[in-house]
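Starting from the known structure of chain A, arrange chain B on it as the hints suggest.
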Amino acid sequence: MKPVLKLEHIQKYYGNEGNLTQAIQDISFCVEKGEFLAIMGASGSGKTTLLNCISTIDTVSAGRIYLEQTDVTDLKPKQLARFRRENLGFIFQDFNLLDTLTLEENISLALTINQTPLHEIGPRVQEMAVRLNIAEFLHKYPYQVSGGQKQRCACARALIGNPKLLLADEPTGALDSHAAQMLLSTLLGINETLNATILLVTHDAFSASYASRILFLKDGRVLTELNKGCDSRKVFYEKILSVLTMSGGGQTNVC
Amino acid sequence: MYAKLILRNMKRSAKDYLIYIVTLTICSMLFYAFLSITSRYYRPEVGAEYDFTILGSNIKLAVVCITLLLLFLIRYVNNYMLRRRQKEFAIQSVLGMEQRTIAWLFFAETFILGAVCVLAGIVLGMLCSQLITAMLLSQYGLTFRLSFMLFPDTVFFTVCFFALSLLAVGLFNVRTLRRIKVIDMLYADRQNDPQLADSRYMPAATVLHGIVLLTMTLSGISKLHLYYDPRFPLPARVMFWGNLLSPLLAFTWHFIWLAAKAVRKNTWNFRRLLVPELILTILNICFSASVPPVCARYHISFGTSALGFDTGANTYLMFLLSDLIYLICGIFYLAGEVICLWKEKRPAHTYSGQNLFFFGQIISRLTTTAKTMTLICLTLVLSLFLFLVAPALTEWASGYLEIRALYDVQISTAYNNVYDEKDLPTKGYEPVSDFLEEHGIEPDMDCTFHLYLPRREEFRNRVKLDFPVAAIALSDYNTLRTMLGYAPVTLGEKEFATQWHPIATADYREKFLAEHGTVKTDAGVLTGSPVYYTEVLGETLYNRYTDVIYIFPDAVCKQLLPVMQNRYLQTKEPIAYQDALQLQETFMERYPEEPAGHEGVNYYLRTRTMQVNSSKAAIFTTHAMMAYSGVILMVICLTILSLQQLSDASQYRCRFGVLRKLGVEERDIEKLIVKQLRIWFGLPVTAAVLTAAVLAAYFFTTIRDQITAYIGFRTLAAQIAVTALILSILLVCYFLSTWILFKRAVGE
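Read top to bottom, the protein sequences are chains A and B. Heads up: the first sequence runs through residues 2 to 256, numbered per this note's numbering. Heads up: the second sequence runs through residues -10 to 737, numbered per this note's numbering.
Just chain B, with the same shape it has in the complex:
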């Protein structure tokens, strides 16, 4: 009998929670698919120069962490089911069933439902893992062949993970169910949803925002010396002052409100604090968002972090983020009241057609679910931001890889820790030649060359911001160009040219060339040639902290101090992964990266095989995980949005039934449903899209140099357009399925 009860309930729940079931299936499918590439049995056909094992542990950990978010969804849906079915549980209890039995029946039902979803997900995951493999192989530039395989270790891991998750949530439900009194369950449906006025989340958010405002103000004060700098034009000054005064004003407003509230308690309610603060927050957002464009326009820098990011831009990004979060919280908190106000002030609109009913529907839901809507919106922002930023980051990394991995073997040196000229490198790296010969790797082209300092005295200069630009002999430079397929160049006798790293901006280049029309060297003064070269020749060609290298005639270089010795090598066949690993180890034994006692030459050996492997693995992991978390977060949000509508379908059926009896036409009812769903999906999605767009635009402005150098704005725009299209399809799918299920639920 109990089994029958469980089965019947499952059948009914399956209909009610179709979207939840689909979501859980999709999530377990993605979980299995992404984990399958970490399986011990995963052996795609790739050449000897690739090794997939480095992907494994990173992905496994990331997938598990991201998927833990699903627990919230499972818990949310279970809570809903529990609330909706309380009356049924109460009746079972009144009939004499023990509360423990009821709880375990519910547990069995949800667990079996979940298990079916997970099993279906694994089967679909087999298909999806093919897609992931195709994506992975395309990253490595390999062709894909279809091959279905079930990985036992991944199946085991997936089943265990979801079983434990379902078990954890299920046990929590059992505990909750056993604690509720029968009388409370019986009258559960008579209780109204908790009113928003009792909620403490918005006052708490306001206090937190106050702390952020104080930090903003302090940060503004710390840069006060810049504000009076007469060299800055008006827009820069407006930006500086705006970023100080606007948060200061908002922060002070808290105290004005508190003082006013102390005097007149009744009139100065929380709303009177909130509305002006939200207006000031919008002002704040404008000022914070203006930082990267203004800084870029007028070359203002707040300092650079170790990774090359502008630290000032990062700080303002945090401020912008917190302001946007607060604004979203505020908007959803006040949305219900704004609609009420609109309703009151615009009777002609309110009392036209079915608008009265429509407003009632929206307001009743908004006031009770503002917190959930805010959370959904913020999660959507995160998801969209991940989607927007992922292509930029991965393209950046891919572009960077193209600039780095130009030679099969690249040996470079640094003299930062060399304090005596006689310790400078002079060796020819013979062990490398021996190793290649031993392993039958034939070199195609080979170039060992020195990099020189124009003036010997510059050897002592170790100031990071004033590091000397190195020079290369013309013949060596031309050999490198030939190795990479570029035409050789020529120089006059007392002439020099420049070769530029692609990251150097045009502004910087122009400024440098204008300032360095001539160069003083130990072999006399050289005049700058009007031509400069921007071909990609590898980043180890340049001296540390510089983006440019001089090209001097060979005769000049002979009289200069050689400070670095590099060797670039192209082989006839790609080097196998194991060989590359061994070569690196052999090299490091003789030429350490970190010299003993931190004094001496730093030697570096990079092989294309290793660079490609580690970078592509990292790029793939980053891209895959960002896309995975984006999809999971998005799917969770859309599921909750959709369930919120569908789970109240019985209530809606009654309401729409009344409309029908009052003589509203079916066509109008359908219009009302679409309108309601449009608001329900549209409000959080629009808010999230706008917020994510602001954040992404800010982020792209801060990394615009890297975008220009490695990606190109057009490629980025195309990538974003494709992502937007995929996300729109996902949204439309959820919207349509909700619409169809909703229509069916409220139908006669």
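Excised from the complex, chain A in its bound form:
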């Protein structure tokens, strides 16, 4: 299968000559079409920097990122906005919904920015809302609904444009366990039914266990990789925990 996303020797430095921080040392990997990839790592391991580089919000210091045939690192600043709206979908930890718009309008906004014809907007928003189980809250404002509903709305907004890659940065970070579980099931469902390619960044083993493959980052490098294969989620979760234990994080010290 053809890779949707391909990273080649990515490096990222911050700071100046005297005080240089290497956030990403040398990372290379591919994401296949329809894959659900999770990136795990402790705080400061470079996972959010990596996501920012892929999402073109940040630039790399060295290396190349390809989304299908496009070299993202080669895009001019003027082309970036167009690239983002046509190819990527985002889900953030803090939802990032616009508080001045209703949930429906928040979702529609992604389509209007892409200049989708008017007659298509309504039915598509409705369909996505039904799929994500937020149809009954569509007319409400973000401050009138729960965190889980907000995040599902953000998810709908990210998916409505049929992006080639869905980027999720700690999407369950601000949710309770039940809402988190619902969201992850939704993401998994979308991955399976719509064949959406998802890249999930998390430090939570439970969230990561929904993915089909996990990359473990440490100090800006890929420490190891874990494939779900035919394992059940429970077994996969155990495996993740053991990797985390080995890598010096996780729950070794918890009795």
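In case anyone wonders, no lab produced these hints; they're calculated from the structure. There's no promise every hint is true.
The calculated lysine-lysine pairs, modelled on DSS-like cross-linking and capped at a C-alpha distance of 30 Å, are [as the list claims (entries may be wrong)]:
#, chain 1, residue 1, chain 2, residue 2
1, B, Lys254, A, Lys141
2, B, Lys332, A, Lys141
3, A, Lys79, B, Lys254
4, B, Lys660, A, Lys77
5, B, Lys360, B, Lys76
6, B, Lys0, A, Lys141
7, A, Lys77, B, Lys664
8, B, Lys660, A, Lys79
9, A, Lys79, A, Lys7
10, A, Lys141, B, Lys664
11, B, Lys0, B, Lys76
Okay, now just chain B, sitting in the frame of chain A:
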């Protein structure tokens, strides 16, 4: 540590509230500059005929009163800062800092920030006071020379005034801060702005408007006798009936709504009262505004006040003003809903490009700040009206001065309180000649003359509306003309001519001349000459309540009753201020203005020096204060408009950040920002400009005679154009600085 905290906070606040700081600096600069001319140490180089001390107390009081408005701005900005920083205060409190300490830290921060602004303002004020001096000297027709000076008394006064203002607002903040609970501060940012539906200001405004409507209706009913007058043409009748029926309809609508609401509570909400009432208000505005042009066209008068204003026009101006205020309140109250409606009805427009985001931005702000926007708009109207009217009023006063102060010494009389012919004035005012000789003031030209009544029996006529027109002998008239540099005129033996006051309208003049083809006098009937004279010869030449004087041949005048004796004098050198003052006092001792027992001749002595001094001082004070209040009000409004946008920048940064992540291009984001700011500044400014234009047009129509006589419409238009240009520059400056700061705030 606390000092460090205060300094850091100040630094950050300085960036956030740059515009507020600039405004406070500008205001203290203007305050210092205007007050500096009242300083004891202020001594511009002017001749002995001028005295600036008469300016002092008036300006000081006016400046202080106007600047007190600034307290609102300081309070507003402080409130904003307080709200925005509540979370920070809460964290300090949770960390163990006493709430009292937090409050005092905040106080110190705002106070020092304000103090820095005021000090900077004083320094800039030194420069600005030069401008004011130049303006003042040009008013007196003198040349200006640059001289920098710091006036200690003005500095002291400015510092004290602003220190007290800052202290008052600061202490209020301390009290507020000490009373808020920590938990409320901690979650302050989670609360939404108060919803408009809870606001009671619009129902209150509607009740007040109802009272005005009732007054309008009653005022219309009181003039009912005019409505059936068949002499009035159709437009005048439409105006009369419109001004009665339209407010009556609007007033009745209140009760219809109340009745309907009692029956069906749910469907008849406040909006259903408001929308038709606003439509009727627009109708009302049209009818009220039609009063001056229709009255002017068909010579309708509702009566005249003591100052010469049309009282009817003044009443309708008040009605117009209250209607306009109500309309503005209504527009801003409903603006959010109108945009919502537009959004719903026009999906093609709503769902095109970033319009959805744009509407969200505007609606969320409009619904929560309608009251502030209304206030800003009304204040802007006041500011613009002051700017528009100030040149007209000052030019009017200057023009009037030119007509009045024609002679260095002007002695005039009135016989209103003389009931016996033998008490009429016959003296030659010798004490004046003596005084001038004593003080070495050489007369250049001198003319003592009588004014006569055509018929002796008219002496008894004291009816104000039918006061007799006086007459002057041809030789005296020609002497006066020579004194003012006009060519002498001639008359036939049994002929008379007329001399007109410039305020008399052409219509009135034509009517008068048509009716007075001949004049009966005690010396026989005189025939009117076809020529009339409109040269400016001074307003004391005419009899009371009249704008015209007959010019009779000398032989005729000899047989008439002289009722007034005037003396006009030109000196070789201008009379010094102190001399003029003394001359007036000496004259008044011998010839009182008010005769003892209110019976006898009223004598008046006016010197050019005194007239010029008092008028120019008054003109300058009026112009300066109107301009000052206009600038202060405008600056306050623009600052609040701009701060409203900038203070929410953090919220906007997040929103625009989402747009960026969604793939909206930078160029589109910039367009969105400009569009948003355009609406934000454009809506209140456009509403205010339109309202002020309506008011000013109304005002100018009511004083059109004075404009024609003293100013000229072209000069007025030029003055207004210059004012408009200055105001546009001010607006553009604020708009651009807000735009730049806003862009920086929402930038990546």
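Quick rundown of the hints versus the structure:
Proposed proximity of Lys254/B and Lys141/A is supported: the alpha carbons are some 26 Å apart, at most 30 Å. A C-alpha spacing of about 16 Å is found between Lys332/B and Lys141/A, which places the hinted pair at or below 30 Å, so the restraint holds. Simply put, Lys79/A and Lys254/B have alpha-carbon atoms about 56 Å apart, too far for the 30 Å limit, and the pair is violated. The hinted pair formed by Lys660/B and Lys77/A meets the criterion: a straight-line CA distance of about 20 Å does not exceed 30 Å.
Proposed proximity of Lys360/B and Lys76/B is supported: the alpha carbons are some 26 Å apart, at most 30 Å. Only pairs whose Cα atoms come within 30 Å are accepted, and Lys0/B paired with Lys141/A is rejected, the gap being roughly 40 Å. A C-alpha spacing of about 26 Å is found between Lys77/A and Lys664/B, which places the hinted pair at or below 30 Å, so the restraint holds. At most 30 Å may separate the alpha-carbon atoms for a hinted pair to count; Lys660/B and Lys79/A meet this at roughly 15 Å.
Pair hint Lys79/A plus Lys7/A holds up; C-alpha atoms about 22 Å apart against a cutoff of 30 Å. The hinted pair formed by Lys141/A and Lys664/B meets the criterion: a straight-line CA distance of about 26 Å does not exceed 30 Å. For the hint pairing Lys0/B with Lys76/B, the CA-to-CA distance comes to about 19 Å; that is within 30 Å, so the pair holds.
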